[in-house]
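Residue numbers (this note's numbering), protein chains in the order written: chain A, 1 to 245; chain B, 1001 to 1132.
The hints are simulated quantities; they were obtained by calculation from the structure and are not laboratory data. Note that beta-carbon positions come from the ideal geometry of N, C-alpha and C, so glycine has one too. Be a bit skeptical, because a hint or two may be false.
[What the hints assert, rightly or not] Some, not all, of what chain B presents toward chain A, calculated at C-beta under 7 Å:
1) E1024
2) G1072
3) D1074
4) H1120
5) P1124
[Unchecked claim] Here chain A is said to cover these stretches of chain B; the calculated rule only asks that three of the stretch's residues, wherever they fall, bring their Cβ under 8 Å from a Cβ of chain A:
6) 1008-1018
7) 1055-1065
8) 1101-1110
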Amino acid sequence: MPLSPSQIRELHDVRVGHARIELDVLRLRVRLLRRYDPNQPRVPAGSPEGGRWTDGGGGQPREDYAQLRPRRVPGLRVINGRGHQLTAGQETRLVAAEAEARSLTREVQRRDPDWRPPAAVYSDPEGLIRANQLTAQQARLRLQELGASEPRQRSFQAEMIRDGREIGIRHQRASPRTRTVSDAEFNHLIESFSLRAELTNSPSRYGGSWFQRPDGSIFGLRRSDQSGITLDIIRNDHPVITTGY
Amino acid sequence: MSAELRHRHYGTPVSEWLEQVANELPRDAVGLWQIVPDGRFGFGLEGDALAEYIRRSIAVLLRRGAVPVVGGGDTDYYWIYQPQYGSRPGEIIESVVREWLSNGARDEDPGGLWFALPDHPGTPNYVLIRSS
Chain A
1 MPLSPSQIRE LHDVRVGHAR IELDVLRLRV RLLRRYDPNQ PRVPAGSPEG
51 GRWTDGGGGQ PREDYAQLRP RRVPGLRVIN GRGHQLTAGQ ETRLVAAEAE
101 ARSLTREVQR RDPDWRPPAA VYSDPEGLIR ANQLTAQQAR LRLQELGASE
151 PRQRSFQAEM IRDGREIGIR HQRASPRTRT VSDAEFNHLI ESFSLRAELT
201 NSPSRYGGSW FQRPDGSIFG LRRSDQSGIT LDIIRNDHPV ITTGY
Chain B
1001 MSAELRHRHY GTPVSEWLEQ VANELPRDAV GLWQIVPDGR FGFGLEGDAL
1051 AEYIRRSIAV LLRRGAVPVV GGGDTDYYWI YQPQYGSRPG EIIESVVREW
1101 LSNGARDEDP GGLWFALPDH PGTPNYVLIR SS
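Kindly generate the complete structure, drawing on both the sequences and the hints.
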């Protein structure tokens, strides 16, 4: 028996709802996977700090910097229940695409809390990158519909120098131009820098990707052994936050 | 007695700066693309003075056990050892500076030469050591 138009609409709504739930579950799984590294050193169970992240050196736990610890299998992502080994290029493009999608989605939801990105079907890393790019695109359209503007683009120095001081810490008396920031600060930087940034040519031996911003500045994201994803300033017109930072 | 050159922004004496840069090695490699602008813009050096700054920088990195590498790109390795620069510190330093000068003494890019520790505990694929 053919379905009535209202039944077809109902079926469609159920399918869309189901797809959204599946997507939320997958996102949750990816988030959990990224937060958990079975090889990461921990304070032995039974001690007052048992289970908290450490720097591996027997010192004080460093919860704030847990996400910057190395992953033994860099670039591993679960997509639709299957593990995928991402190349450094894919991983860094995905980090930038996710950051831009997050930033724009948050901006939309400040004005329209019920707005959700469209459900997307993907089965591999490139599909996941495209899904995030689609989310960013849809969020931009929604912002236009709402008569709102995108988050303001800020220069590298505006984000990385606060109250006259460079953000982050120097690790083990390293050069002051090499900073370690918390996971939250790192995500904030990437979300800010990725807005309208375009993938640009990078040397084949660079273990990641370069992105050019509308003001002409360029930043790089690469995979680093000890620090996970690392941000490099490739080109910027500023005396401190400049090439090599 | 002349005062030691200091970094224009941070005020760090050059000898201390070079040690601080090398302190980064246990966490990450140090690239020529970072060393050259440090000397050129951080310390205001050009010409022979800049070449000498690069020599001193590389000498400290080699003394700390680093070897010349290029990025592994999308290989399974972070870095690939470059044996063609030589095996002794003096030989490596002069080969690198000679190449940099012959390329026009320009600011390098991150696709070029870096210096990395050959072994990283817990990371078997850190540097690919290929025989020359």
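Now for the hints, and whether the structure bears them out:
1. E1024: Since chain A brings a Cβ to about 4 Å from E1024(B), closer than 7 Å, the hint holds.
2. G1072: holds, 6 Å
3. D1074: This interface hint holds because 4 Å falls under the 7 Å limit.
4. H1120: With a minimum Cβ separation of about 6 Å from chain A (threshold 7 Å), the hint on H1120(B) holds.
5. P1124: violated, 10 Å
6. 1008-1018: holds (count 5)
7. 1055-1065: Three-residue rule not met by the stretch 1055-1065 of chain B, so violated; n is 0.
8. 1101-1110: holds (count 3)
Violated hints, in rising order: 5 and 7; the structure is consistent with all others.
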